[in-house]
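S.K.: Assembly of the complex is requested from the two constituent chains, each provided in isolation within its own frame, with the hints serving as guidance.
Here the protein sequences come in this chain order: A and B.
Position 221 of the first sequence, counted from 1, bears residue number 221 in this note's numbering, the numbering being contiguous throughout.
Positions in the second sequence are counted from 1; adding 1000 to them yields this note's numbering.
Calculated from the structure, these hints are not laboratory results.
All residues carry an ideal CB built from backbone N, CA and C; glycine is no exception.
A hint or two may mislead.
[Stated by the list, open to error] Okay, derived cross-link-like pairs now, DSSO-like style, lysine-lysine, Cα gap no bigger than 27 Å in a straight line:
| no. | chain 1 | residue 1 | chain 2 | residue 2 |
| --- | --- | --- | --- | --- |
| 1 | A | LYS131 | A | LYS65 |
| 2 | B | LYS1259 | A | LYS131 |
| 3 | B | LYS1259 | A | LYS162 |
[What the hints assert, rightly or not] Only some residues are given here: those of chain A computed to face chain B with a beta carbon under 10 Å:
| no. | residue |
| --- | --- |
| 4 | ARG78 |
| 5 | SER102 |
| 6 | GLY104 |
| 7 | LYS131 |
| 8 | SER138 |
| 9 | GLY143 |
| 10 | LEU167 |
| 11 | GLY169 |
| 12 | GLY191 |
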Amino acid sequence: MRHIKHKPRSASRNTSLPTIALLSAVAIAGLALPPVEAAEMSAFEIAARSDRSDRGFESSRVKMKMVLRNAAGKQATRTLEQVTLEIPDEDFGDKNLIHFRSPGDIRGTALLSHAQIIDPDAQWLFLPSLKRVKRISSANKSGPFVGSEFAFEDITGQELNKFSYRLLGQEPCGALTCDVLERTPKYADSGYTRQIAWIDTEQYQLRRVDFFDRKNALLKTLEYADYRVYGGDIWRSHHLSMVNHQTGKSTALIYEDYVFGLDLTHRDFDKSRLKRLR
Amino acid sequence: MKPSALLVSALTFATWSTISAAGDIEMSGFVSPELLIFQHAPAHPGQHESRLAPSLAIQPEFRYELGPDDRLTAIPFFRWDAWDSARTHADLREFNWAHLDDGWDLRVGVDRVFWGVTESRHLVDIINQTDLVEDLDGEDKLGQPMVNFGLQRDWGNLNLFAMPLFRERTFAGRDGRLRPPLYIDGDEAVYLGDASRRTLDLALRYSTVIGDWDIGLSQFHGVGREPSLIPGTNASGEPVLIPVYEIIDQTGVDVQVTKGAWLWKLEAVARAGQGETFAAFVGGFEYTIYDFAQSGIDLGLLAEYQYDGRDPTAPPTIHDNDLFLGLRLGFNDTRDSALLAALLVDHKTGARYASLEAETRLSDFWSLDIEALATGNLPPTDPGYGLRRDNHLLIRLTRYF
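The following block holds chain B by itself, in its conformation from the complex (with noise of 0.2 Å):
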């Protein structure tokens, strides 16, 4: 754990038991162990040999109402992870004020913010940096210190927002598995340019609903959140990679129409700053049979084109060339289970990436996840090759409190 996290985590514990006198304070949140079962001993030097990795993570969420219209809110967030000691993190997903008025409001603090309609890449969605040793899907964010301020008319939302502070992508250690042949050491991370971890991040989205269609347009300046990874050695002298940041300016567009049971996205985004200026995008559609067969099961169709056009001094992607195809079931019981189905297929490498993951109640408190993850026919050069020997399964059990 990074002396820094500590101390925001003491930070945060002292802020609220001094609130907590006032009362009034609203608790919740959730403990969740989880155990990672590979199938095969690992391929890479220093990842711990043990097949069975658990970990255990914590979210306590805090809201305080300051009064009507103002609230505070703080989540800390707490993983132990049994053998990787770069996976045991502490973060602040959440610590902000917010002043929720009638027709615009104020937020400062550390918060979250989620752009974009599609499922099987986030490219628009650019506030949050990835707390990627948490999941490799790239959902999980670290939060991000921010003022953002947001108009409601009736022409449509507008939100701006400041970031002060820069927050650095979470990886894999050197005993972690899910990660490069080399790992990548964060503590050697190197800014290029104007890229600082103080630069001043600026960035404006637009959102409108107009009928069956939803918009949103957004621009980006400010640190990449991606950064290129190079190899080097560390200051203790190991081989590894190291992240490379950046300044970008990015420009993106995400639209969904939404016509009877068939959804229609689409994110495109425009960089510049790594590399050439570049394109990508991703499309598709997600359409639902309802009461599939009368079983009362609903099974929804999944399929997204992925491309992007960045060339290879840009960070690397694995979703250059890829078909996406998905099925979700929704059984429609009284435990809402779930359950999601994909493939991704590179169609020039033919590189294939499998995932299931499965999600059911168990009680008032409990819920409980699978997921799966496999990899086939990767070649070397695909960014995802250190996977090869990492197919799993996780359980997840989680008590909500």
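If we strip away everything but chain A, and leave its shape as in the complex, we get (with noise of 0.2 Å):
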């Protein structure tokens, strides 16, 4: 049995952790001041704000499922576990390691990526059944991951310096108000030529982006809801919904609870280690 695939791409962490001391502090000046604050800050600013309250996790593990939804509402469902090993330093992405444990025929099923910022990320695959490793290539940033409407760079598209960013003022988002920012893919062959990026104001997490085609035409919605906060100050959203508004079609990523503080060093993320899962 002859395996013929180039199997799927990654994903990545996609939240934070802002400490207990800012969070109150800005909960504070948000109620006295409302809009000040925000539009003293740069566009870079407010996503670096966004960004770094998502640091300092170091490790983490959790187990999700996928839902693919096409325009009649036809449902194929996977499900998969995730590794992460943050790299502090923001010139390197993080290192992960998908799990792939459903349907039958892609269990046990792997994908390790070290993720790079504007260089291309390095990927292996894992294919159990002739337990072998591949090297594949990672210039595939805007294609499908495992058939869904997330794209590759849309999972391991979230590390600070892979756009530049532009403020477009500030809204309400539900019951928060949300900085909205553009941000323009700094890396190459990306699928989009923007995004517009919802952050709220109080805890400096992602709540949407629409992404716009090579064409500029809106392709896509991803809204984050189901936030849940660990440990005090460490934030996840645990369901991403990401709408395809040209084909109706929609994939929805619902996690299970995250598992942080894991003993992990880069070693666990050595392409040797895919030998070692089961």
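M.R.: Next comes the structure, spelled out in structure tokens:
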């Protein structure tokens, strides 16, 4: 039985962790003089505050369910587990390992990614039936991740220095107020001309992103919901919903509880580790 | 089915039913019915006349965590074939204990190990014997008993292998298709020189990643996995081909350079012990055009050149001076559908092998594979000459559990 595929793409972290002190300070400041503080910050500073509030988690493990729906509502599900090692240096991306549990034919298949900022990521695929580890190309940033509405770059593309930023303004987003930023990919091979991101002014979390395709037409909307806080200051969305406006298809990512503080090092993200998975 | 295989299977289930009392065994696997449809009636005497060959494979997989760093794995495999009693066989693909420590690991028992990077031929991959009766592509392997010690360091990874028992290659039997005019009788296997079923084979592999470069170096000393085939008669006086195994020394190197959408690949070996010492290599590229013509389909273009300098006294190969061209389609659909079409042409003789492999997911539990093989222009000197009337289509359904 030959394996004929170069299979999936990758995923990464997507949220943050402001300290309690900072959080309450901003909440108080926010009540007193709402738009002023944000207005004085540059677009990059707002993005950086959101991204840096995300730092310091060191490592995490989470199980998730990916639910794909076509325009007719027909559903397909994958289950996977993701382990992430935070790289504190902002000039490098995080390392992460995605391990598929279902459907049966891709059970045990794993994808290891060493994310970069501007350079192409390094990626290896593990095919359990042959026990083969394949280095694969990461040039396919705009391609779909396992047939879903998430492109590879949607998931690893959240690193601060991958974009340039412009502040569009502030507007209500649900019960919160959001800074609205336009961000333009600086890396090669992106499928987007630009994205518009909504970041709330209380917890500095991403709430929504609109994606514009290469013709600058609205392609997709990603909404972040069900934020939960870990250890008082680590925020994670547990429900990501991506809707493709051009095809009517959608994909939801539903996370179980995160586990932080794993005893992991670079060695746990070496390509030889793929052969240790079960 | 060989008695040894039966014994091994019985042993597996006895062991696992004992441990299963402890609970927490993770069980998965698949059942896979398949149908081979041949275009022509068979070419050789003794082959079953039917152009339809049904068969069924079962591979349960058991995993048990002894602790955070220790794991037991058992993966037996069974194949039933309607016509070919040699293809009806069982194997232990894996049956091992693994201790996974920080920076080193140790695996004891039956295991599978893959080395290499190229698509059209697996030259450096030598630890496991090929289960050739499963598939002519050589990617199905028999479980190999071994002790495998691995070191993971900043300077790279080092693995040392000691393999106390030799596994003989499987071949289609008298009734089977996809074989030479005389069938290969594995029961008559001959070992030359110091080679035997109990020779201790040794191997070492170093691998590392330097930026875009994935590099592997390997050394093997032991019984060559590829046998020579000599005409003879078996115990019942039938004319057959007899596999001959010899001690070899093989040095291998495999390199992949990943540059954007280009994957550049090379595998090369030098082998002593089968005729004159010879070198062989396979090298080429895979280039992928993502979202080809905005179709959403990824189009991969593959080209590899195969050279093999072995002399006529060494085991025969069809990969001596051949060009491999391939086309890979990734449909990026929710069914993860994919297709690989390939052509192998011997540029000296003009012999051609064309193959097609396609797969798609039918549901969370079922998948479908379709494979086809067609040969053309085979001269009588080609080691694949016996396949000239074996053009076929294979339909395989797999149920995962």
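S.K.: Now tell me if each hint is right for this structure.
M.R.: Quick rundown of the hints versus the structure:
{"no.": "1", "hint": "A:LYS131 <-> A:LYS65", "result": "25 Å, holds"}
{"no.": "2", "hint": "B:LYS1259 <-> A:LYS131", "result": "24 Å, holds"}
{"no.": "3", "hint": "B:LYS1259 <-> A:LYS162", "result": "20 Å, holds"}
{"no.": "4", "hint": "ARG78", "result": "9 Å, holds"}
{"no.": "5", "hint": "SER102", "result": "6 Å, holds"}
{"no.": "6", "hint": "GLY104", "result": "2 Å, holds"}
{"no.": "7", "hint": "LYS131", "result": "5 Å, holds"}
{"no.": "8", "hint": "SER138", "result": "8 Å, holds"}
{"no.": "9", "hint": "GLY143", "result": "5 Å, holds"}
{"no.": "10", "hint": "LEU167", "result": "32 Å, violated"}
{"no.": "11", "hint": "GLY169", "result": "34 Å, violated"}
{"no.": "12", "hint": "GLY191", "result": "8 Å, holds"}
When the structure is compared with the earlier hints, violations turn up for hints 10, 11 and for no others.
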